[in-house]
Amino acid sequence: MRGTAAMKVETLTVRYGKKVALDRVGLEVPLGSVYALLGRNGSGKSSLVRVLLGQQAPCEGHAELLGEPSWGARTRLMARVGVVPEDPDAPPAMTVRALEAFCRPLYPSWDGTSLAARLDRFGIPADAPFGGLSKGQKGLSLLALALAPSPELLVLDDPTLGLDPVARKAFYEEVIGELADRRTTVFLTTHDLAGIEPIADRVGILKEGRLLVDEPLESLKARFRRIRYANEITEERTEFGNELDAFDAVQVKVRGWGSEAVVSNYDDARFETFRTTDGVVDAEASPLSLEDLFLAVAGEGARTKGGSR
Amino acid sequence: MNSTWTVAAREFAARKSVLYAGILAALLAFGAPFVPGASRANPAEVRAIVVLFLGTSVAVGSALLVGASLFGPDLSEKRLAWYFSRPIAPGALWWGKLAGGFGIVLLASAIAWSPVPLNGTSLVSATATGAPALVLLTLFVASLLGLFLLANAVSVAFRSHSLWLLFDVAGLVATGLAIWFAARILVPADGLAAFATVAGVLVFTLLGALAVAGSQQVARGRTDPKAAHAALSRTLWAIVVSTAFAAVGYAGWVVSYSPTDLRQLSFAVGPAGKWILLSGRVARRYPEFWGSALVDSESGRFVRLSTRTSWTLTFSRDGRRVAWAEPDGISSYGPLTVMVLDAASPGTAPWPSRIVIGKAKDLEMLTLSPDGSRLAVVAAKTLAVHDVATGALIGAVRLPEPTDRGRRIRFESPTSLFLYQPFAPTESSLYRFDLVSKKLEKTGSVRSDNAISGSFLRLSPAGDRILLASHSIGTWLLDGTTGGRIASLAPPDESGLVRSQILGDSRVAVGRLDEGSLTLQLFTRDGARESSIPVGAAKSFRIGGEVSDGRLLVVTSSRESQQEGAQYARVVVVDLAKGTVTRVGDDLAPAVMGFPMWIPSDLAWCTPGSLGTRLLRSQDDKLFLLDPVTLRPAPFSLGGR
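Protein sequence lines, in the order shown, are assigned to chains D and R. When you line the first sequence up against our numbering, it's residues 170 to 478, in that order. When you line the second sequence up against our numbering, it's residues 11 to 651, in that order.
Okay, chain D solo, but in the shape it has when bound:
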C-alpha cells in the first residue's frame, strides 16, 4: 500500500448527459479513520461511491483506494474492501448460506466463524432466502458478509436507510466493534446524522455535486455556531447587515425578537468583539449538532459554500 490514505479522489467529475453529478471533487480519507459523506438525495454521493469502488468510470479526475487506482485495480482491491450498498442487492433467491458459499472462494481471508457468530448475534436465519428477509436483516446480513473477509476498508452507502431503530443500533454496534478490534477504515454515506456523529472522525458535505465541506468533525463543529442577537439603534449605529461579516455566516434568519445566524468561522475572541459591537444586544452563541450543521450548509436556506478551511 502506498501513502497513508485509504481513499483519495482528485478533481473527480461525473456527468450524465448534461447533468453534472460530481463537479471536480477532491477528498482524502486517512487510514483508520471514519469518514462520513453527507448530502441530500441526488447530491452525488452514490456516484462518488460507485467511482470509488471501480464500478463506474469518471468523466474526469481519478480515484484511488488503498493506494491503487480504483477502476484499474478493482478486482484486486475488492478482496480488501467490504461493501454494504444502499439497496440490498444480493440475489433474492439465494439464502444467506448460499451467499456465503458464493463469496467464500472469492476471498483469500474469509472468516466463516466470525460470519456465523455475527449472523447468530443478529438472529438471521442462514437458510432463509435473502429476498424473504426484512429490510433490517438484509442490511445486517450484508454487513456480516462485508466484514467476513476482514476488510481493510469498509464502504457503507447509506446502510441504515429504512432500518428500524433496533437494526440501526445493531448495525452501528457492529461497525464500532469492528473499528475497536481492527481499526478498519470506514467510508460511509448517510442521512442518519445522529447515528454517525459519535463515530465519525471526518465529515464531507456534498451539495449538487460539489464538496462544500471536508474536514475533521471536531474542527467543523468548533467553527460552526448558531448566534442569536437583537439589534438596537443607537446614535452611532442606524443601519445593520454587515455585523456578521467576520463570521462568514451560512444562514441568517430575521426573527421578531432579532436575528439568528449560523456561522462557519466562529471563535471566542471574535464573538467577544461581536457581542460588544455597538447596536448588538443579548448576543449568545450555541454549538450545533451535526444535523443542524448539515441543514445549515446543505439545506434550502444555505447561502454560502460551507466556508471550508
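I should point out that these hints are in silico values taken from the structure, not numbers from a laboratory. Keep in mind that the hints are not guaranteed to be accurate.
Unchecked claim - Examples of chain D residues lying across from chain R (beta carbon under 8 Å, computed):
(1) GLN224
(2) THR244
(3) ARG245
(4) MET247
(5) ALA248
(6) PRO260
(7) ALA262
(8) PHE271
(9) PRO274
(10) LEU275
(11) TYR276
Using N, Cα and C, we set each Cβ at its ideal position, and we do this for glycine too.
We have chain D; now place chain R onto it with these hints.
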C-alpha cells in the same frame, strides 16, 4: 478461473427452473403416443415429431429468455453492483455468467430432446435431414449460442434507453449495405460459393463479436447501463462492420482477376477477329472461383464476363461486334441487359444496349447477325429480333411447342432467320422466320430412330448444309433448308472411331480409325466421296478447323481417347487437295477444342485461317499460334499476357 466457475455455478443454480421446461417437454413427448387419436400412428414417429416441435421450442425459448436476462435486467435494476463489489474480474463475470446461463439452456434442450435417442431413433432421422449428426448438432448449438448472445445484446441495448441505439441502427444498416454490396459483386459473377463463404464468415464473426462485445460491455460498462451499452455497441459494430466491409473488399478482389490469373483454361473465339473468350479457375481464390475474360489477343485489353452469363456470348461473323447478357441484379429471376462491344474499335468499352431480357432464367440464347447490326434473342419461348444500336424490336414470334434447349439460329439474310429446333425424341424441325411478314414457316424436318440433340447439329457457314454427327445415328449430311438427308457418310459408331468436320465450303471430312490407322475421307457438299487420305497411326484422334482453305488440322494420339492427356498429342495438318500430311508438333491440342457448343451461334466453325483454327495449347496452358504458311507453331501471348 476460480471466480469464473463460482459465477458460472451461481448462474446455473439461479436458473434451475429452466430445466423444468425441458423435463415437461420430454414428458409430453413420451406421453404423446398415448393421446387418443395418436395411438394408431407409429409411437416412435409421434414422439419424434412432438420432440422436434417441443425440443426446438424449449431450446430457442430458453436461449432467448436466459440470454435476455443475463445482464440486461441486472444492469437496468442496478443489481450488478453485487458482483462488482466482490473480487471478480469482469472477464470472469462475463464468461462465468455466459457458461452458466448457456449451460442451463443446453441442458434443458438436451432433456427436451432426450426422448429421441431413448426412443430408438436417431436425432438425424428425427429431423429428416441428411447432414451428419455431429455437423447438425454443432450448427444447432452455434445457432442457440447466437440467439443467446443476440438476446443479451438486444436486452442491454433496449434497457439502457440511450442514444447508442441509433449507433446500433447505423451499424446494422452499414452491415446490411456491405452484405448487399458483396452479394451484388459476387452473385452476378457466379461467385455463389465465395458469397456463401462470406456469409458464413460474417455469421461466425457476428457470433464471436457478440461474445467479445459482451465481455467489453461488462469490463468497460460495469454497473452503468449506458456505458455498458456503449462498450457493447462500439465493440460489436467495430468488429462486424469492419468484417463486413472487409468482405466487400474480398468480393472486389475475387472478381478483379486478369486473364493471367485464369487456370484450366477453356477458349472460345469468334469466326473471325482477334478477340478470345477465356474461361477458367481464378488463381489464389478460395473457395474456388471461375471467371471469364474477353481478351483482345493483340493488345491484351480485356473485359471480364461473369461465368454465369458468358455462355450467352455471340460474335458477329466478321468478328467486329460481340454481345452478351449481363445480370442487372443478384437474382436469377431478375432482368438481364445485353452488353455490346465494338471489338474492331480500339479502346472502346462495352456499352449497355437497350435490349433487356425480363427474367434471367428465361434466356436461352443470343445470336448476332453476320454484320452485328441485329440480335436474335430466344427467351421465354419467344424469338425476338432487335436492332442492336437502338434496341428497337424488329420482330418477334412465339416458338412452337414443345420447346427444348439446344436450338440453333442462323441469319439467312438481314430480314430472315433459320431456326433449327430439335424435338425429342425422333424429329427435328426447321423453320424460317420472315421479319417482313413476321411469319414463322416450317421448311422441313429431320427424322431419325433416335433422339437428336441440337448439340449434334453443325451448320455450314453458308447454311446450305447441316452435318448431323451422333454416335447413335451416324454421320448424315442434310439439306440446310429442308433437313432432307443428302447422304449417310458413316454408320452409327459408339466407340468414337469416327469423327467428322464440316468445312468452310460445305464439304465434309470424316475421319475413321481402322486397326490403329487413321484415314480421312473427304465428301463433296452433295455427299459424294471425293478422296481418301491416310493420316497415320493413332489410337484416338480429333479434327480441328481449317488453318487455311483446304488444310485441316488433326490431332492424332497414341493413347485411347478416354486416357488422361490423350487430347494433347501429335498435331498434323492435312492438305485435302494434295493429300499430304505435315507434322506441326507434339503434345499440343487445338485451344478451341471441338465445336463451341456453349456458343450456339449460327456458325458451325471458325472461318478458315482465323485465330480460332490456328490457336494451339500445351498441357501447361501455354499457347502457340500456327503459321498458316510454314505450319510451324510459335509461342503466342494474349497481348500483355
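Against the structure, the hints:
1. Hint status for GLN224 (chain D): holds, given a least beta-carbon distance of 4 Å to chain R, under 8 Å.
2. Checking THR244 (chain D) against chain R by beta carbon gives a least distance of about 5 Å; that is within 8 Å, so the hint holds.
3. Interface hint at ARG245 (chain D): satisfied, since its Cβ lies 7 Å from the closest Cβ of chain R, which is below the 8 Å cut-off.
4. Checking MET247 (chain D) against chain R by beta carbon gives a least distance of about 4 Å; that is within 8 Å, so the hint holds.
5. Against a cut-off of 8 Å between C-beta atoms, the interface hint on ALA248 (chain D) holds, since the closest Cβ of chain R lies about 4 Å away.
6. A distance limit of 8 Å between C-beta atoms decides the matter here; for PRO260 (chain D) the minimum to chain R is near 6 Å, and the interface restraint holds.
7. The beta carbon of ALA262 (chain D) comes within 6 Å of a beta carbon in chain R, closer than 8 Å, and the hint placing it at the interface holds.
8. Because the closest C-beta pair between PHE271 (chain D) and chain R is about 5 Å apart, less than 8 Å, the hint holds.
9. Contact between PRO274 (chain D) and chain R, as hinted, is supported at the beta carbon level, the nearest pair being about 5 Å apart and thus within 8 Å.
10. With a least beta-carbon distance of about 5 Å to chain R, the hint placing LEU275 (chain D) at the interface is held under the 8 Å criterion.
11. Interface restraint check: TYR276 (chain D) against chain R, minimum CB-CB distance 7 Å, threshold 8 Å, status holds.
In terms of the numbered hints stated before, the structure departs from none.
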